[in-house]
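A.B. asks: Just so you know, the sequences run in chain order A and B.
Here the first sequence is numbered in this note's numbering, starting from 73 and rising by one per residue.
Here the second sequence is numbered in this note's numbering, starting from 73 and rising by one per residue.
Using 25 Å as the maximum straight-line C-alpha spacing, the simulated DSS-like pairs for lysine-lysine come out as follows:
#1 A:K149 / B:K199
#2 A:K199 / B:K220
#3 A:K149 / B:K360
#4 B:K220 / A:K200
#5 A:K360 / B:K149
#6 A:K354 / B:K161
#7 A:K161 / B:K354
#8 B:K220 / A:K220
Chain B stretches covered by chain A per the calculated footprint, using a threshold of three residues with CB under 8 Å from any CB of chain A:
#9 213-224
#10 304-318
In case anyone wonders, no lab produced these hints; they're calculated from the structure.
The C-beta atom is built at its ideal place from N, Cα and C for all residues, glycine as well.
Below are the chains, spelled out letter by letter.
Protein chains: 2
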Amino acid sequence: MYYIGMDIGGTKILGALFDEENKITERVKRKTKAEEGKDMIFSQISKVIEELIEKAGGKENIKGIGAGVPGIINMEKGEVVFSPNLPWKNYNLKEEIEKKYEIKVTIGNDVNVGIVGEWKYGAGIGKKNIIGIFMGTGIGGGIVINDKLYEGSIGAAGEIGHICIMPDGPYCGCGARGCLEALASKTAMTKYILAQIERGRKTIMEDMLKESKGVLKSEQLQKGYEEKDEITLEVLEKVSKYMGAGTASLINVLNPEMVIFGGGVIEAMGKILMPKILSYAKENAMVKIMESCEFKIAELGDDAGIYGALNLAIGE
Amino acid sequence: MYYIGMDIGGTKILGALFDEENKITERVKRKTKAEEGKDMIFSQISKVIEELIEKAGGKENIKGIGAGVPGIINMEKGEVVFSPNLPWKNYNLKEEIEKKYEIKVTIGNDVNVGIVGEWKYGAGIGKKNIIGIFMGTGIGGGIVINDKLYEGSIGAAGEIGHICIMPDGPYCGCGARGCLEALASKTAMTKYILAQIERGRKTIMEDMLKESKGVLKSEQLQKGYEEKDEITLEVLEKVSKYMGAGTASLINVLNPEMVIFGGGVIEAMGKILMPKILSYAKENAMVKIMESCEFKIAELGDDAGIYGALNLAIGE
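Kindly generate the complete structure, drawing on both the sequences and the hints.
C.D. replies: And the structure:
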């Protein structure tokens, strides 16, 4: 018997077939084609499922399907209430898939599901209270409390990119000002670097950003750091400070056993950034709370989502 | 049969006798006399308990004792790990009282216990996910998650006064900078008002603060507001803004069903401050999270602690 775990993103869908020992036996990857509308997305999801069903030797061999989806998810109903990256609103994805394949489906918020992956199969095994902080284009997170993913009252808990670190600070994509995401995400870093270039400062990031069409890559940051590029060092220091303040705020409120840092930026630069972030966090966190908390880098990388989805499918 | 609920503070101890319908039948109040040391505090606690036992007609009529205590509390052990206002460190208060009276004792953090009071008997009846925010000399809070008080991994969860609202902001009593408490507590307000007086600005707070020996009272703020004192209006606006940013951060992370505002400042000025705080919160919170959250003023006032302690004693 097998389970299917899926990570449905705004640009790609990852799918995996898990055997009964929670090992990945097959992987499938497809474009989401979100810009082509709802029917196309469902057709892409279906292709991923069907490929995996075939590899499993038929749908009678699939015990369940789990999927992470960006947005506010009502897990009980299996409904995508709202998604920032997909054209779904009050869309019952669970029912749609179940109707078509007669296999039990469980869906959850993609970042939350990633945290579940790290908690059950990665950096957080055995812990009961965890905060996951994912640093990439945006900043997302998830919270495990009393040995259970905490969803909040409408499935929107864990929006840790939107804690306010600076009232009257820069505008955030969410419309508010001074959110952690507006100060420490790759989007925020890009803005800072471009502003410095605009001010006539020299940086090796200028050519690199041109090459990548203005999209800042974590590897570019790593390169800038290695070459001791002044502006890269500056932006990394600033970001670490804001991340430290945010981390301190979160642990002061939630007093977790562990904080897991993940996402593209951490995958590329975790070893450099973590000590900085933690040193700033130490300045702001309550001493006993900081001392009692373990800080780890995520271990599953891009697979966190499909592993978390496996856990949803198993239904623990 | 009766229960005893106690609220053990840095300056006073409140005790109450509850009958089986959760009604208060007797009240006792004594000074804590914390400055006279551990033995004196225990003796004061004992007097409160003994008075209530007597009113109950003997200790065989007491089913349990609950108490809220300031500091980090290990509820399972009944140990005060650390208290900012009382000279206790790794002190097992539960065992001490149980040894002396042979009545089951349960203790918890005072602010958390106050939130439990509001949740079970006050503003939050029937809710499963609540954040309580108490604004007074400091800013404290507590979190109810999935129908249970959330304590955190070492019993220190809910330190919402110490979320960082302003990196490099003013120093806080905790040693960090820019904490909500350093910006929006009565202590912070006092500093702001004194600084304005120092700068030669006129305010009716000057005489009032002299009269109260520099201790800012919530009623003074109310008076200043009613008389349209410029500096009072200024400080209330600033405080509302910081509280709004803090509230937004908290609900974005925890997506609660309800936020309960309490504490001295809110008791005196809640009707004036709440609309301001919520209007600022609305600017920073995720729209759907804000819309789905109910905001209420605490209903039990100073009794929240003893009611919460009753709940500990009942052991739900």
